[in-house]
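**Student:** Sequence:
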Amino acid sequence: MDLSFTSLDPDGAVSLKNMEKIVNTERELLQAVFPNLPDFFHDHVWLCQRAILASQNQTVRMINKRLLSQIPGNAQIYKSINTVCDPKERGS
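Under the numbering used here, think of the first position of the sequence shown as 29, with each following residue one higher.
It is worth saying that the hints were derived from the structure and are not from the lab. A quick note: this is a predicted structure, and the numbers were derived from the prediction, not measured. Careful, some of the hints might be misleading.
To be verified - For each label pair, taking beta carbons as the anchor points, the in silico distance ranges come out as:
| no. | residue 1 | residue 2 | range |
| --- | --- | --- | --- |
| 1 | Ile80 | Gln104 | 20 to 26 Å |
| 2 | Ser108 | Ser83 | 21 to 27 Å |
| 3 | Lys116 | Cys76 | 38 to 44 Å |
| 4 | Ser108 | Ile80 | 19 to 25 Å |
| 5 | Thr111 | Trp74 | 32 to 38 Å |
| 6 | Ile109 | Arg89 | 35 to 41 Å |
| 7 | Thr111 | Ile50 | 40 to 46 Å |
Ideal Cβ placement from N, Cα and C applies to all residues, glycine included.
Could you put together the complete structure from these sequences and hints?
**Tutor:** Set out below in structure tokens:
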């Protein structure tokens, strides 16, 4: 199954080709989009050619958790912050 896409017009509109695959379960969906994930997760080009869109963050978290569980190795947690401290409030 080729899930490639190409831009077909000068306006940048994208046409998805060969999207006729219908799946009945979440497992079939994950296998269709990310076949052999443990063998290819290190290939950034392969990963960038795949996506699953979901309408709810809860669904996204569940899908991510299932996909990440297929990747070999130890889990690593990275913390980030999405606010900037006022320089006057921050300690030296």
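**Student:** Indicate, hint by hint, whether the structure satisfies it.
**Tutor:** Quick rundown of the hints versus the structure:
The hinted range of 20 to 26 Å is satisfied by Ile80 and Gln104, whose Cβ atoms lie roughly 22 Å apart. Evaluation of the 21 to 27 Å hint for Ser108 and Ser83 yields a pass: the beta carbon distance comes to about 25 Å. Taking the beta carbon of each, Lys116 and Cys76 are about 42 Å apart, inside 38 to 44 Å as hinted. A beta carbon spacing of about 23 Å between Ser108 and Ile80 agrees with the range 19 to 25 Å that was offered as a hint.
Here the CB-CB span from Thr111 to Trp74 is close to 35 Å, well matched to the stated 32 to 38 Å. Under the hint 35 to 41 Å, the C-beta atoms of Ile109 and Arg89, about 20 Å apart, miss the expected range. The hinted window of 40 to 46 Å between Thr111 and Ile50 holds, with their beta carbons roughly 43 Å apart.
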